[in-house]
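Enquirer: What follows is the residue order along each chain.
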Amino acid sequence: MVANASRVSVAARWLGLAALLFGLIPALLAAIGGGYPFQVAITALIFVTLAVSLNLVTGTAGLLSLGHAGFFGVGAYAAALASTKLGWPFPLTLPLAAVAAAVVGVLVALPTMRLISIYFAVATLGIGEMIHVALLNWVSFTRGPMGIRAIPPIEVLGLDLSGVVGGYYAAAAVAAAGIFAVHRLTHSYYGNALRSLREDDQCAAAMGLNPVRLKIEAFGVSCAIAGAAGAVYAHTASFISPDSFRFEESILILAMIVVGGLGSLPGAVVGAVLLIVLPEALRGIGDFRMIAVGVFMFLSILFQPKGLLGEASAIALFRRQLGAAWRGDIQAGWK
Amino acid sequence: MPDFFDAYFAQQIINGLSLGLVYALVAIGFTLIFGILNVVNFAHGEIYTVGAFAGLLLIVGAAPPLLAVVLFAMAVGAAAGVGLERLAFRPIRRFSDEASLKSRAMREATLLSSLAVSIVTRELMVHFFSGEMQVIPQAALLQEVIAVGPLTLTNGNLFIFGASVVMLGGLQFMLYRTRVGLSIRAVSNNVLGARHVGIDTNRTIVATFAIGSALGAAAGILVGLYNGNIFPYMGFAPGVKAFVAMVMGGLSSIPGAVISALLLGVSESVATDFISAGWKDMIAYGLLVVTLIFFPQGLFGHGRERV
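Each protein sequence line maps, in turn, to chains W and S.
In terms of the numbering used here, the first sequence has 306 at position 306, counting the first letter as 1, and numbering is strictly consecutive.
In terms of the numbering used here, the second sequence has 9 at position 9, counting the first letter as 1, and numbering is strictly consecutive.
No wet-lab data here; the hints were simulated from the structure.
Just so you know, not all the hints are guaranteed correct.
Said to hold, decoys possible - Selected chain W positions facing chain S (in silico; Cβ < 10 Å): (1) T58; (2) Y119; (3) E129; (4) L136; (5) S140; (6) P145; (7) G284; (8) F288; (9) I291; (10) I301.
Idealized CB from N, CA, C, for every residue including glycine.
Kindly generate the complete structure, drawing on both the sequences and the hints.
Expert: In structure tokens:
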């Protein structure tokens with residue numbers, strides 16, 4: 001009975017979060033007025049999706065990835081090419097982008113996953129840059145620096161989501177799906193297995209886990225979510241070029257999860273929203289806004305090196321509010 | 001193939017070697033700092049840019065001989081390096097309990113504090129000098145052509161060769177023949193051990209930052225005058241290439257970093273014979289990934305337990 005009651009209130013809390021994302025925030029944005037707040041919100045949601053996906057690999061599984069923007073780019077180009085050349089609609093390009101990014105990610109992960117710490121980080125840096133160079137120079141396929149223009153807007157089963165408001169709902173739906181997937185993966189025994197790899201993968205192997213396989217799985221899932229974010233980006237921006245998928249973007253995504261708190265899901269969301277909305281909110285101070293963003297990043301790392309919402313407090317929050325992560329009433333073991 | 005080893009090819013090798021020497025100077029700074037702190041210094045590319053701007057300001061202001069410009073850039077670079085250490089690295093070192101030392105969040109925080117400082121530095125330079133290429137007085141450029149047989153060198157090539165060899169030699173002397181060098185080697189070998197035998201680790205770390213940054217700044221001004229372009233974003237590409245060279249060399253081996261940097265410079269320069277210029281960056285990253293997969297300790301790295 002107690003279990004049932006708590007399950008109901010957990011569902012209510014999830015519904016509350018969904019109402020916030022799909023009801024309250026768009027209403028507020030509409031109240032501020034114009035398409036511009038919605039555009040910023042779409043960008044923020046795309047980066048929330050990216051930050052959450054990187055958080056699975058870097059925060060939970062402890063693999064520092066410096067090439068995440070490359071997989072974002074693979075997804076964006078897969079969606080853009082499929083929709084402009086083959087005329088595929090968004091419900092098909094979205095999974096295609098996720099699968100394409102995941103396939104590239106797993107192919108990359110197979111040889112490099114045996115590397116640890118900084119060596120793995122450097123390998124992902126190299127691969128991220130290789131993807132960028134390929135997008136830039138493979139002109140016959142990707143149109144190189146000219147980019148891909150006139151990517152059709154989002155349309156789902158006859159429902160036209162071409163405006164900024166429609167784009168917001170599509171981006172919010174993908175972000176919510178990404179957050180939910182990563183939440184379920186990390187706040188479970190599977191997530192604990194990934195955390196054990198982060199702390200000591202030799203010890204985890206001695207306990208019977210298969211570190212290489214777990215790491216490849218986590219990396220593949222993370223790349224798939226980043227690829228889905230790429231599809232949303234391609235269809236909402238309607239123009240993509242290789243410049244959006246550079247090392248700087250990878251570092252920006254990493255900065256989001258470090259500012260928010262490595263390994264913490266709400267931290268990733270907060271970090272992404274802050275680092276996207278802050279430069280826009282500071283538009284008034286002109287030239288100084290990027291300086292202000294850098295100073296903000298520096299100060300938050302200096303005073304909160306474990307992040308604004310660290311992993312330990314985030315897990316406690318989830319446990320209390322959302323009933324996830326090792327509830328007493330669930331008999332569960334490692335599956 | 002009759003004209004494979006023609007003059008053009010030799011020319012490309014020479015250009016590649018000067019490019020490689022520049023990467024080497026930047027890579028040494030990376031390697032010294034990584035060796036001693038085990039942390040990647042993301043702001044190293046900005047030190048390179050700061051060196052170039054400092055030299056340019058002196059040229060515009062006083063037009064002194066080239067040697068004075070380089071020495072001035074090195075001094076400014078050293079000062080910037082010390083400031084960087086104070087600002088971005090020392091505050092994070094205050095957490096020295098075991099839980100913090102093992103925490104991944106803390107390690108990534110140090111990495112990103114240097115990144116944050118580099119963003120602020122770069123944007124300040126954009127603010128004061130604009131993001132465009134700076135105008136360099138014609139007389140200061142190192143682009144005077146010197147013909148040697150069928151080859152065309154510039155005095156920039158010669159100056160980069162000379163300066164890099166002198167600096168690399170000086171570094172080697174400093175590391176192996178002086179007390180500062182001894183303490184740097186001791187701290188990078190084992191921080192705790194060095195502290196036990198009475199070495200002031202904080203001072204050694206500051207000295208390492210000063211030396212590494214001075215070399216990076218010298219590379220900045222030399223390349224700026226050789227290529228004729230100095231702008232706030234110039235530090236990014238050499239920074240990444242130097243990072244690649246450091247990893248290929250085995251992370252903490254200075255000769256390894258130098259040899260890998262030369263290899264990288266020459267292969268990039270020769271590759272433009274065979275592939276279009278746009279793809280040439282693929283060489284550096286391809287070499288990096290291949291090295292990591294097949295020689296994960298780097299080409300010249302010392303044995304580590306695991307990589």
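Enquirer: Could you work out which earlier hints the structure fails to respect and list their numbers in ascending sequence?
Expert: 5, 7
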